[in-house]
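Enquirer: Sequence:
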Amino acid sequence: MREIAKLIRYVLIALALVLLLAGIRSSGERDVSADGQTPLEASEATPLPRLSLADRTDHPALMDRRADGAFRPEEALTWGEFARAVEVLVEGLPKPAAAMWLDEGGLEGAYRGAAGLAEAGLLDLDERPFQPERAVTREELAGTLDQLGLQMEGEEQVLVRAVATAVAQGAMLESEEDADGTQAVTRREAAVVLERLAGREPESEGLFAAGLKPLDVSEDDWTWPFMADAGLAGEIPRRAPGIFRMYGWLYKADENGALVTDETDGVWSFGPDGRYTTGNARLDDELAGALAASGANELTGREALEAAYLYVKNSFEYKLAPGDEIPEEVGSTGWENTRALRFFRYGGGTCYGYAAAFGLLARALGENARILAAEINQFYGDHSFVVIPEDGVDWIYDVELEDARPERHGDLDLFHIRNYEVYNYWYTPDW
75 MREIAKLIRY
85 VLIALALVLL
95 LAGIRSSGER
105 DVSADGQTPL
115 EASEATPLPR
125 LSLADRTDHP
135 ALMDRRADGA
145 FRPEEALTWG
155 EFARAVEVLV
165 EGLPKPAAAM
175 WLDEGGLEGA
185 YRGAAGLAEA
195 GLLDLDERPF
205 QPERAVTREE
215 LAGTLDQLGL
225 QMEGEEQVLV
235 RAVATAVAQG
245 AMLESEEDAD
255 GTQAVTRREA
265 AVVLERLAGR
275 EPESEGLFAA
285 GLKPLDVSED
295 DWTWPFMADA
305 GLAGEIPRRA
315 PGIFRMYGWL
325 YKADENGALV
335 TDETDGVWSF
345 GPDGRYTTGN
355 ARLDDELAGA
365 LAASGANELT
375 GREALEAAYL
385 YVKNSFEYKL
395 APGDEIPEEV
405 GSTGWENTRA
415 LRFFRYGGGT
425 CYGYAAAFGL
435 LARALGENAR
445 ILAAEINQFY
455 GDHSFVVIPE
465 DGVDWIYDVE
475 LEDARPERHG
485 DLDLFHIRNY
495 EVYNYWYTPD
505 W
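Letter 244 of the sequence shown, counting from 1, is numbered 318 in our numbering, and no numbers are missing.
No lab work stands behind these hints: they were computed from the structure. Careful, some of the hints might be misleading.
Unchecked claim - For each label pair, taking beta carbons as the anchor points, the in silico distance ranges come out as:
1. 407 with 366: 23 to 29 Å
2. 330 with 203: 48 to 54 Å
3. 337 with 123: 52 to 58 Å
4. 366 with 124: 53 to 59 Å
5. 367 with 400: 42 to 48 Å
6. 330 with 131: 20 to 26 Å
7. 395 with 330: 34 to 40 Å
8. 366 with 504: 20 to 26 Å
9. 366 with 256: 20 to 26 Å
10. 452 with 292: 50 to 56 Å
11. 367 with 146: 23 to 29 Å
Unchecked claim - Straight line, CA to CA, 16 Å or less: simulated EDC-like cross-link-like pairs of lysine to aspartate or glutamate:
12. 387 with 487
13. 169 with 149
14. 169 with 182
15. 387 with 485
For every residue, glycine included, the Cβ atom is placed at its ideal position computed from N, Cα and C.
Can you make the complete structure from the sequences, with help from the hints?
Expert: Next comes the structure, spelled out in structure tokens:
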């Protein structure tokens, strides 16, 4: 349904372009009314300025970029923000002659744009004083853009008036049935409109890899690249090569800063969307939920790893879940996903479940975690734990033996320990 809605939008815009182009050709590049007057001839004494779309090669920001990473797509576009965008997008707007337009701290761009709109005959300040925080309605946006287009020529006039028609007909909305001219233009809709006027085609992969996707917008929302690009000033920053975390998931960037997809790198595999994956969608969701619940997503480095460790320790219990009866063969691999899924399903398990769950969480945090089926102490008892090499040292993490219950090893701290420091762990580095 989402793809159909997008297709309808583009068809409407294309149709509007065709109709407007035909109208311009038949009228000699000028719209003429029944009485022979053109809309531009408002007054011979005050001719309206000829406008054009700005040729901006420095990629200026068209909308506010919020410091907290959110875009607030359902909030209304304000007249202040729209006026600033018009000042950036349009060449030929009159410049304010009086300092009164610059008296508002932080709103200089808004007042300059409003002054230009007013002197160009596009904003009637006698009818309604300029209020930078007032919401722009869809009717107002469509009408203002249409008048802007009328003061342009050729292809620019066609483009601007086509966008105005699309706004008026609801082509920028989720559903044409929602087209109500009195409703406020949302920031989501405004981003699409302004990007179209600027002639931009957002680079979704580059914007995503750079971490510019708004945090309050879903990847499934086809408009998110428009929102991200509308708030970006300058070129898309290049992501440094290597493993990184973003939006609660692990990714890898190549030497060009692009997301790596469908590739395995050591303990990590990256799927077609670039995310780290265990190969099991259900387990991936379990890991994502655990990282969010543990608070690890809000932390980095060792603090994030410890938050995941304590979450496994305190949220699950040692138990013999169905299928846990037989230990894994020493030195074997390939059982990690099965044990982790069983551990999440039953709320606990044996050492293999503890190690698998924590080890996979550690990998999702970007740690080179090895999940081992090994042995422990002088009796060579079967055991499982996690090893994370760092600076030439194999650091051991044994959440199961530390356990959450005070009556069972509750006084131990087995997070980030050296071998033989507490127990003797028997394994070889190439397992």
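Enquirer: Does each hint hold? Answer for all of them.
Expert: Now for the hints, and whether the structure bears them out:
Between residue 407 and residue 366, the C-beta spacing of about 28 Å keeps the proposed range 23 to 29 Å intact. The supplied range of 48 to 54 Å is met by residue 330 and residue 203, whose beta-carbon atoms lie about 50 Å from each other. About 55 Å separates the C-beta atoms of residue 337 and residue 123, a value consistent with the hinted range of 52 to 58 Å. Restraint check, residue 366 to residue 124: a C-beta distance of roughly 55 Å satisfies the suggested window 53 to 59 Å.
Taking the beta carbon of each, residue 367 and residue 400 are about 30 Å apart, not inside 42 to 48 Å as hinted. The hinted window of 20 to 26 Å between residue 330 and residue 131 holds, with their beta carbons roughly 22 Å apart. Taking 34 to 40 Å as the suggested C-beta distance range, the pair residue 395 and residue 330 does not conform, at roughly 45 Å. Between residue 366 and residue 504 the beta carbons are some 34 Å apart, a value that contradicts the proposed interval 20 to 26 Å.
For residue 366 paired with residue 256, a C-beta distance near 40 Å fails the hint of 20 to 26 Å. The beta-carbon spacing between residue 452 and residue 292, approximately 54 Å, falls within the hinted interval of 50 to 56 Å. Distance hint check for residue 367 and residue 146: the Cβ-Cβ separation is about 26 Å, which falls inside the suggested range of 23 to 29 Å. Of the pairs offered as hints, the one joining residue 387 and residue 487 holds, with about 11 Å between alpha carbons and a cut-off of 16 Å not exceeded.
Of the supplied pair hints, the one linking residue 169 and residue 149 is violated, its CA atoms being roughly 29 Å apart against a limit of 16 Å. For a cut-off of 16 Å, the pair hint linking residue 169 to residue 182 stands: about 12 Å separates their Cα positions. Distance restraint check for residue 387 and residue 485: the Cα-Cα separation of roughly 13 Å lies within the 16 Å cut-off, and the hinted pair is therefore satisfied.
Checked against the numbered hints above, the structure violates hints 5, 7, 8, 9 and 13; every other hint is satisfied.
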